[in-house]
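Chemist: Each chain, written out:
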Amino acid sequence: MSAAWAFQRATDGGGAWDDFLNALNAFYRRALTLPPQASTIARDIDGLHYFEITIMFAAAGLIAVVALYFVVRYRRRPGRDPTPRIVAPHWFEMVLYAGLLGLFVLFWVIGFRQYIDLSAPPDSAVDVYVTAKQWMWEFAYPEGPASAGVLYVPAGRPVRLHLTSRDVIHSFFVPDFRIKRDAVPGMYTTAWFQANAPGTHQILCTEMCGVGHSQMLARVVVLRPADFETFLLRRAPAATPTSGRDATPNAPPARGAPLAVIGRAAAARHGCLGCHSIDGTRRTGPSWLGLFGSTQLMADGERIRVTPAYITESMMDPQRRIVAGYPPVMPSFMGQISPAETAAIIEYMRSLADGIPDAEATRP
Amino acid sequence: MSTTTTPPASPGTRRIDYLNVETTIRSWLTTTDHKRIGILFLIMTTAALALGGVFALLLRLELLTPGGTFMDAMSYNRLFTLHGVVMVWLFLIPSIPGAFGNFLLPLMLGARDVAFPRLNLASVYIYAIGAVVVLAGAVLGGADTGWTFYPPYSTHTPTAVVPVLLGVFILGISSTITGLNFIVTTHTLRTEGMTWLRIPLFVWAVYATSIILVIATPVLGMTLLLIILDHAFRLGIFDPALGGDPILFQHLFWFYSHPAVYIMILPAMGVMSETVSAFAHKNIFSYNAIVIATLGIAFVGFLTWGHHMFTAGMSVFDSGAFGILSMFVAIFSAIKVFTWVSTLYKGSIALDAPMLYFFGFLFLFSFGGMTGVAVASMSLDVYWHDTYFVVAHFHFIMVGGSMMGFLAALHYWFPKMFGRMFPARSSTVAAVLVITGFILTFTPQFWLGNAGMPRRYYSYPDRFQTLNVISTVGSWAITAGLVLIGAYLLYALRWGARSGPNPWGSLGFEWNTPSPPPPHNYEEPPVITHQPHEYWRTAE
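Protein chains in written order, with this note's numbering: chain A, 3 to 366; chain B, 593 to 1132.
Just so you know, the hints here were simulated from the structure itself, not pulled from any lab data. Treat the hints with caution; some may be incorrect.
[To be verified] Covered by chain B, per the in silico footprint, the following chain A stretches (three or more residues, Cβ under 8 Å):
no., region
1, 77-85
2, 96-109
3, 214-221
4, 224-236
5, 290-301
[What the hints assert, rightly or not] One-sided and incomplete, this derived list gives chain A residues near chain B with beta-carbon spacing under 10 Å:
no., residue
6, Asp-48
7, Ile-55
8, Ile-112
9, Ile-118
10, Pro-359
Glycine included, every Cβ here is placed at the ideal spot set by N, Cα and C.
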């Protein structure tokens, strides 16, 4: 019926026709600056994209050429006026617009079919609960593990996401998978995908959600199925990626680890490091480097020494006293960070008090 | 020219026209003359365009580098919100209807004035009050929600969202009055012989726009009031933390705001129908097709709002219905494009500035329209929704289209309004700058969207930088063109060559009066015997 259907069958490779389609796919994808096709549905959707863009460029090109020809051919010259009376023949209009309507309906049929596919997860899907909040993503699995900033999923198995939000509307977007779904407070929406192979893909927020909107980044880490099983059992994958801009939860430190190390992991897990840098870089909130014990000017003119009491207050009731020059946007972590974690995070901040960056820390 | 009923002004004597009949400031501020009200709207909406344009320039400058360039995230969010609010409600919606609709509608219909002249004057003041309230909100801290005001963000934001919402609410009253006035004028004040199928196409376009304004704007007003109540009194209509439904807001908002894009583009389409006829000296290829398509857009445009919500959590069935209705509305736009291009066939085409904007419109509208069909394909919309692809799409079709319409109208009817010509060569240079600037600014944004860059992003991953730089450079070209236009039009107001009554040789009915028109438009009511722009009759 269309190039889009043909594309669906061409993914396996082998045979001259498939080679041709693969080359065509590579050409279009580069010309249109599309990201990699990392989910099972990505190539189908791109196929429809190519199909429509090709027809449209042909149509727009035709309009441009015809208009240009008329301009040159019928430019105003002596003797051109008066112009003849020309009125559209009805058959011409009917054929043209019926053909166009047929084409548009074809686009709609293919797009709607794919939309239904996008909306209907298979029953065998792995479930993940996604909670968005300003400005981080949290992921929880029915088996128990939870993580912030990194979504671990198995390759080759469908994954169903149940999305919601704690505060305002966010939108979960993975360009490499060609999926997007709003996370709306007070309701659950669903989305699903099946990743083709192990790898890492960016998650972006596409619904305006405040000053941290463009920093609300996270990653999908696609694991081999066996590694994913290990992750579910041990709450952490065998090989944890340790780089990237977003807050990566490392495997929780072993019991008895120094409190500052536990604090660093907790800060990453709760997304603190998305707004507070640990290397002195100015972000949405003050950098933690050299912050502990310093004296800061508040927005209301008061000068305050950064003590454990002030840090605790700032975590639980952030709007009360804001450091001058920063927006009053930090959400409360009341009831979300345990007392033990609070102590550990403060200890980690104390370890940065001397102004020497934490060499071991993951760059968030 | 068989309907000309006004004797041409004898040269040498000082003819009384609407500009020189009274010249005090008071006479302008208390005028009920539709032509003067049109000029007042032209001044105010052009000022709004300049303001919104400065915001856009700052935004593009900030996006020159991936991180913060020269402002913080909060300022950026406030700026893009103000850019959207000012451009949509202070410029795009009121500009062509307020300025050219007011000026031309009675002239084209052969009427003395609009149906409610004093109400018309009120619409000027209500617009001014709305603009002041919006700008007061901007000074008080501005909103940072985007022009869409989605709750619960808009009910929680610490910024001054209430005055901005209130200002938009007041502006809505102004445009509703304008719409009401145009509808009644078109029904009741047509001159003898002006049957419905002889009405100029610009009037049809403004008439259809007015219907949308009158039906849709009250829904916006109601919705904005509910947001204000949610924000100020924690009422809980839309805020889920108080038991409200944020998706309900999106339905109500887009029930207005989708038809609103037709409020912006329909008048520009009307300008194009007039322009292509007048500068090709040719009857329109199919008058009926344009009229049917105009009314079709106004009607079907009300049934497509859900296509803004394909990722919001609407049912699959509803989404499908909104998808196919969106395809239908695209058909009507395609009908117009084909009709305009066919009108050029065997014409006598003069490439004056308005015609250059017609070709700019044709290009931007064709690509904008076809990418519109692409985003109406639902699976593709899931990918493109809230990315720069959509930003590029609506800046091509809605902003580009309306801007081209506004600039074409400004140049086409400048001699009508002021009796003077603008310098031809400067106008060509400016048109080329603006049109190429538009293409340069927004074409890279299609690729940015394809690559997955979300909109409303203060900072962006490094891989998007090259295309952002090109886009920013394009914004400077648009600015240069617009500044040039402002300069030579101000020059031409005083020093431009006298244009005579009809410099373009146009057969539009509005040219049946002298230029600039006398205060009362027509010495005696004209009698219309055929459609406008029947150029083959000039042989008779």
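Chemist: Given Ile-112(A) as an interface hint, is its Cβ closer than 10 Å to any Cβ of chain B?
Modeler: This hint holds: Ile-112(A) lies near chain B, its Cβ roughly 7 Å from the closest one there, short of 10 Å.
Chemist: Does the nearest C-beta of chain B fall within a distance shorter than 10 Å of the C-beta of Ile-118(A)?
Modeler: holds, 6 Å
Chemist: Once the shortest beta carbon distance from Ile-55(A) to chain B is found, is it less than 10 Å?
Modeler: holds, 7 Å
Chemist: For the restraint on Asp-48(A), tell me whether the closest CB of chain B is nearer than 10 Å.
Modeler: Check passed: Cβ of Asp-48(A) comes within 9 Å of chain B, closer than 10 Å.
Chemist: Checking C-beta pairs, does the region 214-221 of chain A have three or more residues closer than 8 Å to chain B?
Modeler: holds (count 4)
Chemist: Taking beta carbons only, do three or more residues of the region 224-236 of chain A come closer than 8 Å to chain B?
Modeler: violated (count 0)
Chemist: Is the listed coverage of the region 290-301 of chain A by chain B valid when you require three or more residues with a beta carbon under 8 Å from a beta carbon of that chain?
Modeler: violated (count 0)
Chemist: Given that the region 77-85 of chain A was listed as covered by chain B, double-check it with a C-beta distance under 8 Å for 3 or more residues.
Modeler: holds (count 7)
Chemist: Pro-359(A) was flagged as interface toward chain B. Is the shortest Cβ-Cβ separation under 10 Å?
Modeler: Given a least distance of 19 Å, the restraint on Pro-359(A) is violated.
Chemist: So is the region 96-109 of chain A in contact with chain B by the C-beta rule, three or more residues under 8 Å, or is the coverage claim wrong?
Modeler: holds (count 7)
Comparing the model with each earlier hint shows violations of hints 4, 5 and 10; every other hint is respected.
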